[in-house]
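Q: Model the placement of chains B, C and D on the given structure of chain A, informed by the hints.
Number of protein chains: 4
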Amino acid sequence: LQLNPGNLVNAPEKHLMVDVQASADHRNIAINRVGIKGLRHPIIFTDGNGPPCHTVATFDMYVGLPAEVKGTHMSRFIEIVERQAGAISVATLPGLFRTMLDRLEANTGHLALRFPFFIEKAAPVSGVRSLMDYEIELVVRSHGQEVLLTLAVKAPVTSLCPCSKAISAYGAHNQRSLITLSVGFDAGSPALGVAELIGIAESEASCEVYGLLKRVDEKHVTERAYDNPKFVEDLVRDIAAKLQGDPRFQSFAVESENFESIHNHSAYAVVEKNR
Amino acid sequence: LQLNPGNLVNAPEKHLMVDVQASADHRNIAINRVGIKGLRHPIIFTDGNGPPCHTVATFDMYVGLPAEVKGTHMSRFIEIVERQAGAISVATLPGLFRTMLDRLEANTGHLALRFPFFIEKAAPVSGVRSLMDYEIELVVRSHGQEVLLTLAVKAPVTSLCPCSKAISAYGAHNQRSLITLSVGFDAGSPALGVAELIGIAESEASCEVYGLLKRVDEKHVTERAYDNPKFVEDLVRDIAAKLQGDPRFQSFAVESENFESIHNHSAYAVVEKNR
Amino acid sequence: LQLNPGNLVNAPEKHLMVDVQASADHRNIAINRVGIKGLRHPIIFTDGNGPPCHTVATFDMYVGLPAEVKGTHMSRFIEIVERQAGAISVATLPGLFRTMLDRLEANTGHLALRFPFFIEKAAPVSGVRSLMDYEIELVVRSHGQEVLLTLAVKAPVTSLCPCSKAISAYGAHNQRSLITLSVGFDAGSPALGVAELIGIAESEASCEVYGLLKRVDEKHVTERAYDNPKFVEDLVRDIAAKLQGDPRFQSFAVESENFESIHNHSAYAVVEKNR
Amino acid sequence: LQLNPGNLVNAPEKHLMVDVQASADHRNIAINRVGIKGLRHPIIFTDGNGPPCHTVATFDMYVGLPAEVKGTHMSRFIEIVERQAGAISVATLPGLFRTMLDRLEANTGHLALRFPFFIEKAAPVSGVRSLMDYEIELVVRSHGQEVLLTLAVKAPVTSLCPCSKAISAYGAHNQRSLITLSVGFDAGSPALGVAELIGIAESEASCEVYGLLKRVDEKHVTERAYDNPKFVEDLVRDIAAKLQGDPRFQSFAVESENFESIHNHSAYAVVEKNR
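Taken in order, these protein sequences are the chains called A, B, C and D.
Heads up: the first sequence begins at 1011 in my numbering, then just goes up one per residue.
Heads up: the second sequence begins at 1011 in my numbering, then just goes up one per residue.
Heads up: the third sequence begins at 1011 in my numbering, then just goes up one per residue.
Heads up: the fourth sequence begins at 1011 in my numbering, then just goes up one per residue.
Only chain A is shown next, with the shape it has when bound in the complex (with noise of 0.2 angstroms):
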């Protein structure tokens, strides 16, 4: 494509709406993944069978581009957004996908979500109730000939740290702790729950958090975390013990970041399985 600046002021109607993205490309260099980035748009996300969750996803998706192909049609992946219409789960969403696909002209893709989730959670003592919020990803992307899904929930979480609790006279150092927990599964698996799998990451801290707490949660918290000290490697291990037995996930990984009381870094430890 030669373009002359000064024909584009003196004969517009000669270049108007030419299509150069569909134009061939000479370079013979395939795109592994083209698309759009950072898109935001509000969903309703549902859970199995958890009520639906109104929230405001970040989308990134992506297509793969042969080498004889110069663009790709951007427009199209917004379009796909905006035409979605009712609630996206973990099993709509290799649709969402395919319908990717199809607009895009593309064999291969990725097709990712990002969003704040809201659980309610009872106290552990008084039983008030109140919204706690994970981050989730979904990713639905090819690999070869198969679609591959990936969903990663980050649940905040305490952890108390051992070796403090063991030489000290009293007292631990104790923090926020951020577990990431991510599943890898084929397209067609059984639903898998979000709250499921934050659900296997809180159970294996120190101790859950809560967006509200009454005075007698906080006691219940306080010695909780006490009498359950792990460190970094105790929370990856214990979480990974429960997964890699569950015949769902192809692979898996069970990060956690401590966000030290004691430090201005964090202490850090990740687990991965591929079957």
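Don't read these hints as lab results, they were simulated from the structure.
Small disclaimer: the values here were computed from a predicted structure and weren't measured.
Here a beta-carbon is modelled for each residue, glycine too, at the ideal position from N, C-alpha and C.
Hints are supplied without guarantee of correctness; some may be wrong.
Said to hold, decoys possible - Listed next, with one range per pair, are the computed distances between beta-carbon atoms:
no., chain 1, residue 1, chain 2, residue 2, range
1, A, 1096, C, 1209, 48 to 58 angstroms
2, D, 1092, A, 1096, 51 to 61 angstroms
3, A, 1130, B, 1077, 53 to 63 angstroms
4, B, 1282, D, 1155, 35 to 45 angstroms
5, B, 1076, C, 1257, 21 to 31 angstroms
6, B, 1059, D, 1032, 21 to 31 angstroms
7, B, 1038, C, 1258, 18 to 28 angstroms
8, D, 1113, A, 1261, 28 to 38 angstroms
9, D, 1139, C, 1261, 24 to 34 angstroms
10, D, 1139, B, 1154, 16 to 26 angstroms
11, C, 1258, A, 1153, 49 to 59 angstroms
A: Below, chains B, C and D alone, put in the same frame as chain A:
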């Protein structure tokens, strides 16, 4: 200024190097601050008698623009930073500010630098030495005919909850907190130490945090925090109590954000004083 | 309050459920604002007659604490958010603020919400419809005996540089800019539209930005921006010119940050007015 | 390890200085990576024959932990950074990595540094000199028995849309883009220049960006970008074309994120190759 796109192509010599910014403006609206934002540049910062600290600063540089002038000269801000040689300190910054006003032919301005600063600390028992990182913000700005400086330090510390300690049979939730201490003073005031302010913030926390701690140190900081519980309210009050009698400050603000280990939100408090 | 760690273990019944926060404080330092920061919660926001917008807000909730009270009651802030039912609007927010003061037994306070907001826009030529996302911040706060509201909208737009256009034979550098328009008004003022403010910001840019544009639209926005060059100074002045005569606002600030396409830093300007 | 809280208070001498981390673990789960994350430390980075660059790095340092060991020794990671003296370069980093494995008694590891790096550039016409800032990431990690390095540079550039130029009578939308170019190679490969990679990324953009431009330069970069339109696909292909024949790289990835001036989301593309 009327520009004809045809002319741009056909007679470029007519308008080349027009100084659009210097033309007159008829909207009769003065601009409070205009300039560049988010420029990164390496600097050497010297704090009183301390060793020079090589670091990377982010500069915001603005001047007031009279109602009758169309635009400022953005490239001059960059030139000032490029020509700046030698170490920057609280004492030298007003000079850089005056250079900015002169070069931009401005009566008022606002010059802000943010950078990480490092102090070597000794662990409390073992004495092992390591660097701690702190965020610093320095602002010089016009306030009427005066030139005011604001120095803000962000010091991470440990806070331990007095309520959790009092109501629990053992343990107490604790977490990393970020104390922001900012003081305002006249450009002509006696030089003020960044390390001095950081020291005030750290001394009033449940415990300081460190880069490197051996086991004997970890025992010490755990017990120290347990012996010294503080609410977010206590942190800001105890620091304010130290600052309020100091004649060097025209104003101060003491903030603390506690990244609660039992919640996914923060506790926050601020005490502000103006003389 | 003196706590003996030995007692904590040996005689827990003595101190259980002590209300440490309610005890007296003798430092004689009032706290300007204390409370919770960074709480995420789903909300429904209604803008005037527009459709309800399901979104996710981040809440900061603070009250003033008298010198003689040791601590505030953090859990009550969460209860207020949990109990809040129905849509939030600029008109209903002062009610939520008064609820906060009542529940916390406070005379002064500061309640802030930040959330993404979505408006369906039609592309300028094709008319295809898509959502645009905007960041909104609403603050209700005490100012002496008064209750003031501040509404800030962040509108991304296109800016095209008049200097670049004037001195170049063809083309002109342009970029995304973020306009932040905030207006202050009394709680009792006539309801003010978020969409109205966004419209003011967008109408004075070189061009609006859109979620979805077809080729005929892309031609339009390209030429529109080239026909309508604006410095960062022009953006804030042209918006300020529209706001300065509006009797509904006690104060306003118009900021623009231009993410320069020819630099790795931003150009920035702000016009502030207080009546 | 069973800890009795009563003992902790009543008989501290029994458990003091227990090395909890060194005890045995019976869960039979190896940890892929464990260590510290987000440690900030000043460094001097030398790029080939270039001048030493004082900057501030963020370190992530992890080792593999065998199934039978309970915990790693977090303080040793910090000691390694503290003891590191002299300039760091691509050539010296494998030595630091081996020190880490030795000190942590580990067979595998992952050491990552991220830091801003500065290069003095001359403006294209006036020749005025100023610094440009780039983000660099260096990773050394085990891959089976091998040690692999990855060097990633992030270079901001200008991109100008060919479609917008082709269909519009005048003008063309353009914006800042961020090109991320990462290359993987063996620890024993010939030293590779950060500046060289940045140069490759910049040379294939519609135009380079600069810290400081005079009016003659602004005319040049405006016209240069207009003469050299590139889609996000073109950017990554043209850089990939330069890298694919280079025998020094085992793998590379070329990403570009274009912060579209006509949208509030980005266009994105990536080409990845493994030999």
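Q: Indicate, hint by hint, whether the structure satisfies it.
A: Evaluated hints:
no., hint, result
1, A:1096 to C:1209: 48 to 58 angstroms, "violated (30 angstroms)"
2, D:1092 to A:1096: 51 to 61 angstroms, "holds (56 angstroms)"
3, A:1130 to B:1077: 53 to 63 angstroms, "holds (55 angstroms)"
4, B:1282 to D:1155: 35 to 45 angstroms, "violated (60 angstroms)"
5, B:1076 to C:1257: 21 to 31 angstroms, "holds (27 angstroms)"
6, B:1059 to D:1032: 21 to 31 angstroms, "violated (43 angstroms)"
7, B:1038 to C:1258: 18 to 28 angstroms, "holds (21 angstroms)"
8, D:1113 to A:1261: 28 to 38 angstroms, "holds (31 angstroms)"
9, D:1139 to C:1261: 24 to 34 angstroms, "violated (43 angstroms)"
10, D:1139 to B:1154: 16 to 26 angstroms, "violated (37 angstroms)"
11, C:1258 to A:1153: 49 to 59 angstroms, "holds (57 angstroms)"
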